[in-house]
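J.: Following the hints, complete the assembly by docking chain B onto the known chain A.
Spelled out, the chains give:
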Amino acid sequence: MTEAYIYDAVRTPRGKGRKDGSLHEVTSVRLSATVLNSLKDRNGLDGHAVEDVIWGNVTQVKEQGGCLARTAVLASDLHESIPGLAINRFCASGMEAVNLAANQVKGGAGDAYIAGGVEMMGRIPMGSDGAAVAVDPTVAMERYFVPQGISADIIATEYGFTRDQADALAVESQRRAKAAWDDNRFAKSVISVNDINGLPILAHDEYMRPGTDMQSLGALKASFEEMGKVMPGFDKIALMKYPHLEEINHIHHAGNSSGIVDGSAGVLIGNKEFGIKYGLKPRARIRQTCKIGTDPTIMLTGPVPATQKILADSGMAISDIDLFEVNEAFASVVMRFQQAFDVDPELVNVNGGSIAMGHPLGATGAIIIGTLLDELERSDKEVGLATLCIASGMGAATIIERV
Amino acid sequence: MTDFTMNVGDDGVAIITWDVADKSMNVLRVSAFAELDACIDEVLSNDAIKGAVITSGKDSFAGGMDLNVLGSIREEAGDEPAQALFDFTMNGHNFLRKIERAGMDPKTNKGGKPIASALPGTALGIGLELPLATHRIFAADNPKAKIGLPEIMVGIFPGMGGTTRFVRKMGAMGASPFLLQGKLVDPKKAKMAGIIDEVVDDPVAAAREWVLSATDKDILKPWDAKGYKMPGGEPYHPAGFMTFVGANAMVNGNTWGVYPAAKALLSAVYEGAMVPFDTALKIEARWFVNVLMNPSSSAMIQSLFINKEALEKGANRPDVPDQRVKKVGVLGAGMMGAGIALVSAKAGMDVVLIDTNQDAADRGKAYSETFMDKGIKRKKATPEQKEAMLAKINATTDLNALSDVDLIIEAVFEDPGVKAEMTKKVEAIIPEDAIFASNTSTLPITGLAQASVRREQFIGIHFFSPVEKMMLVEIIKGNETGPRAVAKALDYVRQIKKTPIVVNDERFFYANRCIIPYINEGVMMAGEGVAPQLLDHAAQLLGFPVGPIQLVDETSLDLGAKIAKATMEAMGDAYPKSVADDVTFWMVDEGRLGRKAKAGFFNYDEAGKRLGYWKGFGDKFPQLDEQPELTEVQHRLIFPQVLEAVRALEANVLEDIREGDVGAILGWGFMPWSGGPFSWLDIVGAPWAAEQCDKLTEKFGERFTCPPLLREMAAKNQTFYGRFGPAAKTAA
Chain A
7 MTEAYIYDAV
17 RTPRGKGRKD
27 GSLHEVTSVR
37 LSATVLNSLK
47 DRNGLDGHAV
57 EDVIWGNVTQ
67 VKEQGGCLAR
77 TAVLASDLHE
87 SIPGLAINRF
97 CASGMEAVNL
107 AANQVKGGAG
117 DAYIAGGVEM
127 MGRIPMGSDG
137 AAVAVDPTVA
147 MERYFVPQGI
157 SADIIATEYG
167 FTRDQADALA
177 VESQRRAKAA
187 WDDNRFAKSV
197 ISVNDINGLP
207 ILAHDEYMRP
217 GTDMQSLGAL
227 KASFEEMGKV
237 MPGFDKIALM
247 KYPHLEEINH
257 IHHAGNSSGI
267 VDGSAGVLIG
277 NKEFGIKYGL
287 KPRARIRQTC
297 KIGTDPTIML
307 TGPVPATQKI
317 LADSGMAISD
327 IDLFEVNEAF
337 ASVVMRFQQA
347 FDVDPELVNV
357 NGGSIAMGHP
367 LGATGAIIIG
377 TLLDELERSD
387 KEVGLATLCI
397 ASGMGAATII
407 ERV
Chain B
26 MTDFTMNVGD
36 DGVAIITWDV
46 ADKSMNVLRV
56 SAFAELDACI
66 DEVLSNDAIK
76 GAVITSGKDS
86 FAGGMDLNVL
96 GSIREEAGDE
106 PAQALFDFTM
116 NGHNFLRKIE
126 RAGMDPKTNK
136 GGKPIASALP
146 GTALGIGLEL
156 PLATHRIFAA
166 DNPKAKIGLP
176 EIMVGIFPGM
186 GGTTRFVRKM
196 GAMGASPFLL
206 QGKLVDPKKA
216 KMAGIIDEVV
226 DDPVAAAREW
236 VLSATDKDIL
246 KPWDAKGYKM
256 PGGEPYHPAG
266 FMTFVGANAM
276 VNGNTWGVYP
286 AAKALLSAVY
296 EGAMVPFDTA
306 LKIEARWFVN
316 VLMNPSSSAM
326 IQSLFINKEA
336 LEKGANRPDV
346 PDQRVKKVGV
356 LGAGMMGAGI
366 ALVSAKAGMD
376 VVLIDTNQDA
386 ADRGKAYSET
396 FMDKGIKRKK
406 ATPEQKEAML
416 AKINATTDLN
426 ALSDVDLIIE
436 AVFEDPGVKA
446 EMTKKVEAII
456 PEDAIFASNT
466 STLPITGLAQ
476 ASVRREQFIG
486 IHFFSPVEKM
496 MLVEIIKGNE
506 TGPRAVAKAL
516 DYVRQIKKTP
526 IVVNDERFFY
536 ANRCIIPYIN
546 EGVMMAGEGV
556 APQLLDHAAQ
566 LLGFPVGPIQ
576 LVDETSLDLG
586 AKIAKATMEA
596 MGDAYPKSVA
606 DDVTFWMVDE
616 GRLGRKAKAG
626 FFNYDEAGKR
636 LGYWKGFGDK
646 FPQLDEQPEL
656 TEVQHRLIFP
666 QVLEAVRALE
676 ANVLEDIREG
686 DVGAILGWGF
696 MPWSGGPFSW
706 LDIVGAPWAA
716 EQCDKLTEKF
726 GERFTCPPLL
736 REMAAKNQTF
746 YGRFGPAAKT
756 AA
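Heads up: the protein sequence lines correspond to chains A and B, in order. Count along the first sequence from 1, add 6, and you get the number used in the working numbering. Count along the second sequence from 1, add 25, and you get the number used in the working numbering.
Bound conformation, chain A alone (with noise of 0.2 Å):
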């Protein structure tokens, strides 16, 4: 079977995804095309190199809605021959937009593709698409639906993780990120974003806090108590799905969790034919992909699923992954990763993940993929995993390599 490769991968930086944000007054479609632009010039591609251009994006209402792909596209320099799928798979949208392309150059549909994502949340506020998950009672009531955050402390509560402990990991995922950033780690792949005049306006992650200690978490007030315990009460909810247990431990706030911010990011997947077309060495060779549905309730324990299938699929184990990003949309979800596969935490996230630098929903998938080869390339590794938690109890992973 062919072989897709990764040729390239770039990501804006992640701006606070608020009004004061650095990045607030950049449009979805704009800094989609940022991406777009980039690859296309990094790369020296024609306007005709790829054969579609998939882009994961989560809340797809308004400037976001109305095939968000086709428009960047439309906006970018790219030709109006390549077409343009939106897709979502909520935080895996990026990934799998990524896993798709990756499989459509294996199955031979095309040369080449761009495939990543874009979330500009403070834009386009999260959950503002609506979700019959949430709302319809046939589903709602009958699949035990509760909010993402409760279901993080469930997994809390289920696999026995503290609230000390998912500080530790927030505030060490604070500490990676800024090494990385004052290591110049991310270089390869964070681009600048300009204005219309070329003047900067982003060149920096800007959510990160790299002071953060146990302390200043420690003041921190659980983000999900109340709507569990008082209104409307989703710990009953919870406790009745998993009726042995006692009460649910809320141990998840703002500090551990992923930030919320304005991002994007694209991969270029592409056969070998392509590389030598424009002269471009292949980086990584994308060696399998997985989704799952798993649980709705506890929701975020898809990586441990993901991971098992896509291990047997490739037929590897866990010891042959040299390195892992494993998704930090909240600290149970990794802790939960990290003791279900016994990985040295070492191994996991090595420049910090969402907690610090946040999570743009729709590109996050592409980001890691990204972080992922970069990390290989710089320390030398040669296999790497990544895998995201989805919303609705779903999971997905990919398996690089470098060649």
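For the record, the hints were derived by calculation from the structure and aren't laboratory data. In this text, all values refer to a predicted model and were calculated from it rather than measured experimentally. Every residue gets a Cβ at the ideal spot worked out from N, C-alpha and C, and that includes glycine. Do not take every clue at face value.
Cut-off 27 Å, straight-line C-alpha distance, at most; resulting in silico cross-link-like pairs (DSSO-like, lysine-lysine) [unchecked claim]: (1) LYS254/B to LYS68/A; (2) LYS246/B to LYS235/A; (3) LYS247/A to LYS640/B; (4) LYS246/B to LYS123/B.
Chain B stretches covered by chain A per the calculated footprint, using a threshold of three residues with CB under 8 Å from any CB of chain A [said to hold, decoys possible]: (5) 256-269; (6) 362-372; (7) 440-454.
Short derived list, chain A residues pointing at chain B, Cβ under 7 Å [as the list claims (entries may be wrong)]: (8) ALA81; (9) HIS85; (10) PRO89; (11) PRO131; (12) ALA140; (13) MET147; (14) PRO238; (15) PHE240; (16) LYS242; (17) ALA318.
T.: Just chain B now, kept in the frame of chain A:
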């Protein structure tokens, strides 16, 4: 005789009067639909008629739908019950919609005739859904009138437009207490909530005046006007979204997900909120039919409405003259005696409350005082009512005060010797024709009756605690109890507005006979290492109000130990020893007696509030690493109760399965959604139940042995209501 009559006045206003001849309150019968339809057609087509007022010939408007109707539609429809119910419901919608649109031009919304409702009093269920379709609702200023949609209480939901119109009127949030809890309010509060429009002295006159002056705009419903927006927002409006997210969680959590009607109601509201009004009505009808087709709703209607009412009205009352109680003597002013005095005085009876010392008697009476004070605080009672009620209670130590009572209820210490002595003393004083009842919960009535010289006048009247709250009263016939004593007990229970069941005399009668094995199985599982929270949650997920561990803390561990010891003595070698006894005795030794000791399976604070499970229990009886499956735990909790109910039927302790079902729900909260243990067995089927018995027996022991009756019914694939129900009895 028709239910609806119409008179057109000289002013051109048609007064349509609803007056069902043989009922004290109007209920809607199928035949009446066509009558009202004909009236409305006449109003709309006759140019001489300007408009109409729909009112009632009684002091109330209407009590609702005759719930037997729904069952008969389903049964008469043969193979297509869903279609028949849907057609019936849609016909209702179309008819009510005809009133609401009142001949208006569909495009201009002009040219309709005003139709108002005038409610002299209570308007419930369809008795409110009909007025809701009219253009303006006038209610009499009658603070005793109850207005609302109580359908959810019997396992259905308002299916004649009430759901859709309430939500369109006041939004999902505003409508939720009325739709989800069946909240009833008086006319003033109904106006405040936006259910009705005006509270007046003479609703017919006011409605008539309004009809004469109403304009096209006045009769156009907001949801039929352009630009209508649902109050509070539809589900994908940001505010509405939060409401619906919260509603799902709250309803699911509050009901533990066991009531199909609550879920169907929410779906009807959610799906209906996103479409035009007529489509919303169609959706409401589909979910309504879905609930009617669910066996849970028929079981709930059967037990909680039809059979409960039949028992209250004396379905099993012997044919003897009126035995209503004028003066009752209550022996023992403890918690039970005080409660019995309270409910008796509240029902207007004279009460003599006896105790051995005056302080105790006074304390018993003070219980009523506190109760009334609370009522006054909540504006449910007046100081005058309190004085009148307290004046009815004579708290005394003087047995001679009992010389003119017609009923004695003995609630003294649970000791046969003490009871026998009281019986003899009191019988020497009370009139010869007075009935003597014992409120014992554990001692056989036949045995207690041995102390009586008039055993045919001796009976058990078993109250549940707290007396003023618990709706069930278990009447126990001793071997020699006569029919007049049974009638007396039933008439008394009817006076205090509770629901009676009449059972024969065997150890623990009916209710406790079933509750004790339930608690026992829970305690046993705790001893085996099943997590206590799993036990309680498993029961709550079945619809029990409290799980076995919480329940045993309420009833107390020492009572459990006492019952276990007494049962051991009674049964001798046949007593099935189990880890449940080890647990109970150990807990008693540790002083962990339950809530009353502020220490039991739970820890408690000083005020007696639960603080979580006591971890010390796990040190003595370690929890299993691998906890059992939820369904296995649930079967172990349901079957001990259900099998005991079947054995009570086999042993003729129960003579009527309706009493077994109603008694179980009201007595100990047995899965109300199921309609009771016999209804539950009919839902799951005797063959499946017998098969589960065999599995449970093999794994957990002889206590799960399938009773011969159930085995036989499984072989013949019979249902309990088919074989033992009132219809089968009548046929036999």
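J.: Run every hint past the structure and note whether it holds.
T.: Each hint tested on the structure:
1. Taken as a hint, the LYS254/B and LYS68/A pair is honoured in the structure, with Cα atoms around 22 Å apart against an allowance of 27 Å.
2. Straight-line distance between C-alpha atoms of LYS246/B and LYS235/A comes to about 40 Å, which puts the hinted pair past the 27 Å bound.
3. Taking the CA atoms of LYS247/A and LYS640/B, the gap is about 23 Å. The hint holds against a cut of 27 Å.
4. Distance check on the hinted pair: LYS246/B and LYS123/B sit about 13 Å apart at the alpha-carbon level, within 27 Å; holds.
5. Beta-carbon proximity to chain A at under 8 Å applies to 5 residues in the region 256-269 of chain B; the threshold of 3 is reached and the given coverage holds.
6. For the region 362-372 of chain B, the assignment as covered by chain A is violated, since 0 residues bring a beta-carbon within under 8 Å of that chain's beta-carbons and 3 are needed.
7. Counting residues of the region 440-454 of chain B whose beta carbon lies closer than 8 Å to any beta carbon of chain A gives 0, which falls short of the minimum of three for the stated coverage.
8. The restraint placing ALA81/A at the interface with chain B is violated, with a minimum CB-CB distance near 28 Å, outside the 7 Å limit.
9. For HIS85/A, the shortest C-beta to C-beta distance to chain B is roughly 37 Å, which exceeds 7 Å, and the interface hint is violated.
10. Residue-level restraint check for PRO89/A is violated (minimum Cβ-Cβ distance to chain B is 29 Å; threshold 7 Å).
11. Among the interface hints, the one on PRO131/A is violated; its C-beta lies about 9 Å from the nearest C-beta in chain B, farther than the 7 Å criterion.
12. Below 7 Å, beta-carbon pairs count as interface contacts, and ALA140/A has one with chain B at about 5 Å; its hint therefore holds.
13. Hint on MET147/A holds. Least Cβ distance to chain B is approximately 5 Å, under the 7 Å limit.
14. Residue-level restraint check for PRO238/A holds (minimum Cβ-Cβ distance to chain B is 4 Å; threshold 7 Å).
15. Interface restraint check: PHE240/A against chain B, minimum CB-CB distance 5 Å, threshold 7 Å, status holds.
16. Checking LYS242/A against chain B by beta carbon gives a least distance of about 4 Å; that is within 7 Å, so the hint holds.
17. The criterion of a C-beta within 7 Å of any C-beta in chain B is not met by ALA318/A, whose closest approach is roughly 25 Å, and the hint is violated.
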